[in-house]
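Can you build the whole structure from these sequences, using the hints too?
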Amino acid sequence: MMTKMGMMDMDMDMMMKKMQECDEMMTMCMTMMREGMQMSK
Numbered sequence: 000m001m002t003k004m005g006m007m008d009m010d011m012d013m014m015m016k017k018m019q020e021c022d023e024m025m026t027m028c029m030t031m032m033r034e035g036m037q038m039s040k
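Everything in the sequence shown is counted per numbering that gives the first Met the number 0, starting at 0 for the first residue and increasing by one.
The hints are simulated quantities; they were obtained by calculation from the structure and are not laboratory data. Note that beta-carbon positions come from the ideal geometry of N, C-alpha and C, so glycine has one too. Among the hints, a few may not be true.
[As the list claims (entries may be wrong)] Here are the in silico distance ranges between beta carbons for each label pair:
#, residue 1, residue 2, range
1, M9, M31, 29 to 35 angstroms
2, M38, M18, 29 to 35 angstroms
3, Q37, M9, 41 to 47 angstroms
4, M11, M32, 27 to 33 angstroms
5, M9, T30, 31 to 37 angstroms
6, S39, M18, 28 to 34 angstroms
7, M14, E34, 29 to 35 angstroms
8, Q37, D10, 29 to 35 angstroms
9, D10, S39, 38 to 44 angstroms
Below, the structure is given as structure tokens:
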């Protein structure tokens with residue numbers, strides 16, 4: 000039981016890290032797209 004809980008905690012941490020990375024990538028893509036729109040204008 001204890002090991003299962005530990006595994007769950009680890010998975011949650013990994014998920015959170017992945018989510019943060021995704022958020023950073025999304026913001027980067029958004030800024031790049033915005034810059035591209037301004038450039039094309």
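Consistency of the hints with the structure:
1. Checked against the given bound of 29 to 35 angstroms, the beta carbons of M9 and M31, roughly 33 angstroms apart, stay inside it.
2. For M38 and M18, the hinted distance range of 29 to 35 angstroms is satisfied, since their beta carbons lie about 30 angstroms from each other.
3. The hinted range of 41 to 47 angstroms is satisfied by Q37 and M9, whose Cβ atoms lie roughly 43 angstroms apart.
4. In this structure the supplied range 27 to 33 angstroms holds for M11 paired with M32, their Cβ-Cβ distance being about 31 angstroms.
5. Remark: the range hint 31 to 37 angstroms for M9 to T30 is upheld by a beta-carbon distance near 32 angstroms.
6. Checked against the given bound of 28 to 34 angstroms, the beta carbons of S39 and M18, roughly 31 angstroms apart, stay inside it.
7. For the hinted restraint 29 to 35 angstroms between M14 and E34, the CB-CB distance of approximately 30 angstroms keeps it satisfied.
8. Our hint of 29 to 35 angstroms for Q37 and D10 is violated, since their Cβ atoms are close to 41 angstroms apart.
9. Checked against the hint of 38 to 44 angstroms, the pair D10 and S39 passes, with Cβ atoms roughly 43 angstroms apart.
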